[in-house]
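Spelled out, the chains give:
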Amino acid sequence: MARRRKQAKGEKLETNMSAMIDIVFQLLIFFMLTLKIVEPEGDFNINMPAQGQPTSSDEIPLPDIKVKLRANPDGTLAGLFFGSRNLGVGPGAFEQLNTEILKLIGRPGDPITKDMAVEIDADYDLHFSNVINAVGACTGRVDKRSGNIVKYIEKIKFKPPTSPTAAG
Amino acid sequence: MAKRPPNDAPEAEVDMTPMIDIVFQLIAFFMVITNFEQTQADERVKLPRDALAKPPEVKVEHSLVLNVGFYRDMQGEKTDTQPWLFNFIDGEPVLPLSAGAQLKKEAILFKNKEIQLEDVTVKVRADSEVQTGIVQELIKLCQDAGFETFAMSAMSGPEE
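Sequences listed follow chains A and B, in order. Counting from 1, one number per residue, gives the positions in the first sequence under the working numbering. Counting from 1, one number per residue, gives the positions in the second sequence under the working numbering.
Please keep in mind that the hints were generated in silico from the structure rather than gathered at the bench. Check the hints yourself; a few may be wrong.
[To be verified] Within a straight-line C-alpha distance of at most 30 Å, the following computed BS3-like cross-link-like pairs (lysine-lysine) qualify: (1) B:K111 <-> A:K66; (2) B:K46 <-> A:K155; (3) B:K104 <-> B:K46.
Turn these sequences into a full structure, and let the hints steer you where they fit.
So, in structure tokens, the structure goes:
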């Protein structure tokens, strides 16, 4: 067997990096390709007790706050009603609803708000985003300074759907 | 200028260390940011936006996700006015109002796994343009199947 050549003076013994770099790049590409940017999603809990279920408490429940949403035939919002008052349409209406709810509960976080409930009565054809905005306006607001959520009323109910006005 | 003596080492080697540092940083970043969880969500559903919709701090243990949306083209325009229930049991789109039988099947699956139906949250991911009545009727079908807890999803962020 031939003798191995002597190492040259001053040459460093280096580990072979190429295998590792291969794998590391593979991993990098894998993670880059599987990355899916998902926007954060939030949930609104809603109270939908099965019909005909008796209420468990003996106390007389507070009457529900009625919020009505009327729709145009194309599904856009035609009117937002708080009780019998028309708050108009557009984003301003939901802000007004938010203010009305605050007026009604007096102080956010009051224990009495736990017993209060909002009943949303929406037209069959109404676009769902309006319902979400109404639910959002009733559940609270985002504090401008701290960015925290101030909770108003958490119990949201829905009135059973009225008969559809449009076929299909 | 003094003349430099010729270098002993014959080859000029590239120093790999900074590159490997960066590459590891990138891998670590992508690993942390990737989540393989949200498999039940469907991209065709354009969720409504609301400032109050904040991601939950405590993850619900058992959930059934219902994606109600429309077929949309590349520009995001609806190609069909009929809403569908996407990504449901078999992966085939179902008409929301005829999903009753499958919801009952789903309820049985939960029962077979010994999960109480009252512990299961039904997450309704409905498109912002779906008729409210359809969402409500879908919830009614879920109630008929025995589900009790419901939540409606929205994107967090200011309303458009």
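Mind listing which of the numbered hints don't hold for this structure, in increasing order?
Of the numbered hints given earlier, the structure breaks just one, which is hint 1.
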